[in-house]
Amino acid sequence: MAGGIPIMIEGLTKQFGPVTAVDDLSFTVEPGRVTGFLGPNGAGKTTTLRVLLGLVRATAGTATFGGTPYHDLPRPLETVGTALEATFHPGRTARHHLKVYATAAGLPAARVQQVLEMVGIAEFADRRVGGYSLGMRQRLSLAYTLIGDPGVFVLDEPINGLDPEGIKWIRGFLQALAREGRTVLVSSHLLSEVQQSVDDVVIISKGRLIKSGTLSSLELEAAPRTIVDSPDREKLSEALDEAGLAYTEGRGGFIVDEHDPGVVGRAAFLGGVELSALHRLKSGLEESFLTLVGGGEE
Amino acid sequence: MSLLRSIASEFQKVFTTRMWWLLALLLVGYVLVLAGGFGAFLGWAVRNPDAAAATGGNTGVPPGTELAPLIYTFASSIGYVFPVLLGALAVTGEFRHRTLTPTFLAEPHRSIVLGGKFVTQLVVGAGLGVAAFATSVGSGAAALAAFDFDTGLDQGDTWALIGRGVLAMALWGGIGVGLGALVPNQVAAIVIVIAFTQFVEPILRLAASFSDVTASIGRFLPGAASDALVGASFYSIMSTGSSSSLDWWQGGLVLLGIAVVATVIGGATTWRRDVT
Ligand SMILES: Nc1ncnc2c1ncn2[C@@H]1O[C@H](COP(=O)(O)OP(=O)(O)OP(=O)(O)O)[C@@H](O)[C@H]1O
Ligand SMILES: [Mg+2]
Numbered sequence: 001m002a003g004g005i006p007i008m009i010e011g012l013t014k015q016f017g018p019v020t021a022v023d024d025l026s027f028t029v030e031p032g033r034v035t036g037f038l039g040p041n042g043a044g045k046t047t048t049l050r051v052l053l054g055l056v057r058a059t060a061g062t063a064t065f066g067g068t069p070y071h072d073l074p075r076p077l078e079t080v081g082t083a084l085e086a087t088f089h090p091g092r093t094a095r096h097h098l099k100v101y102a103t104a105a106g107l108p109a110a111r112v113q114q115v116l117e118m119v120g121i122a123e124f125a126d127r128r129v130g131g132y133s134l135g136m137r138q139r140l141s142l143a144y145t146l147i148g149d150p151g152v153f154v155l156d157e158p159i160n161g162l163d164p165e166g167i168k169w170i171r172g173f174l175q176a177l178a179r180e181g182r183t184v185l186v187s188s189h190l191l192s193e194v195q196q197s198v199d200d201v202v203i204i205s206k207g208r209l210i211k212s213g214t215l216s217s218l219e220l221e222a223a224p225r226t227i228v229d230s231p232d233r234e235k236l237s238e239a240l241d242e243a244g245l246a247y248t249e250g251r252g253g254f255i256v257d258e259h260d261p262g263v264v265g266r267a268a269f270l271g272g273v274e275l276s277a278l279h280r281l282k283s284g285l286e287e288s289f290l291t292l293v294g295g296g297e298e
Numbered sequence: 001m002s003l004l005r006s007i008a009s010e011f012q013k014v015f016t017t018r019m020w021w022l023l024a025l026l027l028v029g030y031v032l033v034l035a036g037g038f039g040a041f042l043g044w045a046v047r048n049p050d051a052a053a054a055t056g057g058n059t060g061v062p063p064g065t066e067l068a069p070l071i072y073t074f075a076s077s078i079g080y081v082f083p084v085l086l087g088a089l090a091v092t093g094e095f096r097h098r099t100l101t102p103t104f105l106a107e108p109h110r111s112i113v114l115g116g117k118f119v120t121q122l123v124v125g126a127g128l129g130v131a132a133f134a135t136s137v138g139s140g141a142a143a144l145a146a147f148d149f150d151t152g153l154d155q156g157d158t159w160a161l162i163g164r165g166v167l168a169m170a171l172w173g174g175i176g177v178g179l180g181a182l183v184p185n186q187v188a189a190i191v192i193v194i195a196f197t198q199f200v201e202p203i204l205r206l207a208a209s210f211s212d213v214t215a216s217i218g219r220f221l222p223g224a225a226s227d228a229l230v231g232a233s234f235y236s237i238m239s240t241g242s243s244s245s246l247d248w249w250q251g252g253l254v255l256l257g258i259a260v261v262a263t264v265i266g267g268a269t270t271w272r273r274d275v276t
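Sequence lines, in order, name chains D and U.
Everything in the first sequence is counted per UniProt numbering, starting at 1 for the first residue and increasing by one.
Everything in the second sequence is counted per UniProt numbering, starting at 1 for the first residue and increasing by one.
Don't take each hint at face value.
These stretches of chain D come out as covered by chain U in the derived footprint (C-beta under 8 angstroms, 3 or more residues) [said to hold, decoys possible]: (1) 23-35; (2) 54-61; (3) 68-78; (4) 186-193.
Derived from the structure by calculation, the hints contain no laboratory data.
Using N, Cα and C, we set each Cβ at its ideal position, and we do this for glycine too.
With the hints as constraints, model all of the structure from the sequences given.
In structure tokens form, the structure reads like this:
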């Protein structure tokens, strides 16, 4: 395996005619960590990755692997493993698909069988890809990323179409790669999808950087809230007012702007209110993500 | 080095899908029917001119024409559309199935990929040429021998003609790559191949033969150049202006020129576009 190299995006802009898909974007992805590349649909994630991989020409700025553009990498498949939207010739088998590109990159043919086994599609490898399910195609894409045993992984929405078992597998897999010191960049339009496996996040919206940092720094901003409910909502609202807590009434009870359920519980206790629910709102991170990117849909 | 790897990869691409043998099968069947059929018909008609005239069958073959080269070159004069198609599909298929992404990830130097395709399709075209000539010579010689005609297989000239025919088929493969690079839309490329080879060019060649000036231009049409390269062909005997055709090596250069120019222009335009 080649060592992990940082991915460096500097002042990147890409225009498709009148559409600015990526707008003066800069961030760095460090080796040894899993970085989630997040943003709503159309934020410019795929475009950024395609520029990084030399498939799309930048309008301005650079996107490199430790300073070297993809085009100038001496052995690209052994440096970077890429899974973009899964594209195959439907009439070719998975084994032949991989072999064709292994040959082009000068990799030993024996790698093909190895990676087919690693992603768990070896038994279907001699079937034509046209008959593959979405999840099998995703796994074949992943097999392609592994074929050169690279130090950097660039994965565009790899979780799409995987079954729960596949999702669990890929999460563990990404973390294992990072623990070996590799650079792992994985895009998603849902934070919750990658939340459990990423160390860092880069969040973009409308082609611009919104935030980059560790997941825990995002968690701090997330300001988790507490849900509380009572058979007697009127009395509960009085108790919350008494304690000076801000809240809104939701379907499942009151959503209180307070991260510690203990504080809310105490307010209820002091007001003598019977509680039917008291817990932390779990989706705090996803909500703060949506707040960051402008509420998702507009 | 990377060009060699790219060529090896392109060969694997050709032979790991079914298109190549489908086209090879069609080519062999087409040539078999035409070379064998015409061989038998011409052999019969020349041997029995009165009977042929009685049935209204005018062979149009001037007396004294050697039948063997005429029949053997069916392989290239009607078969050339097959290497063009396969060459064009090698390029347009990458656009259609969006496999340019994995291709350019494995070899980011796009000109090397296109160069690899060009060389590969020259060789594949030559392979189709060998299959086509084996068919036309096999069935044609059998038909001629049946009517007691000279098969010409003991003459060096015949084998030189076959060699030039195989070379023509190879160059047509290169033209296919150039066409695919110029017109990446697969359906459009196929329509252009069929329309041009089956309608446009035959009409142009016929029209060009009506005056000396147009005839001197018309001989640069790819089909005319191909016939000039190969030598005798059904078309050039049918058109009276066979005297104005190019020398064989000029014909070869015209085909090579078309293939290279189309590939280079395509390589500098559509092939360099963003892959999204
Ligand atoms: N080839 C193209 N021509 C024109 N516009 C394009 C092209 N590719 C992308 N765009 C535009 O660029 C913007 C960013 O698209 P991109 O695919 O990079 O977003 P994304 O973040 O990957 O979205 P998603 O989550 O839906 O995959 C969108 O407005 C899109 O319409
Ligand atoms: Mg995308």
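**Study point:** Assertion that chain U covers the stretch 54-61 of chain D - criterion: three or more residues, beta-carbon distance below 8 angstroms
**Key:** With 4 residues in contact (Cβ-Cβ under 8 angstroms with chain U), the coverage given for the stretch 54-61 of chain D holds.
Exercise for review: Check, residue by residue, whether the stretch 68-78 of chain D contains three or more positions whose beta-carbon lies closer than 8 angstroms to a beta-carbon of chain U, and give the verdict.
Suggested key: holds (count 5)
Check your understanding: For the stretch 186-193 of chain D, do three or more residues have a beta carbon lying closer than 8 angstroms to a beta carbon of chain U?
Key -> violated (count 0)
Check your understanding: Has the stretch 23-35 of chain D got at least three residues whose CB is nearer than 8 angstroms to a CB belonging to chain U?
Key -> violated (count 0)
Against the hints set out earlier in the document, violations occur for numbers 1, 4.
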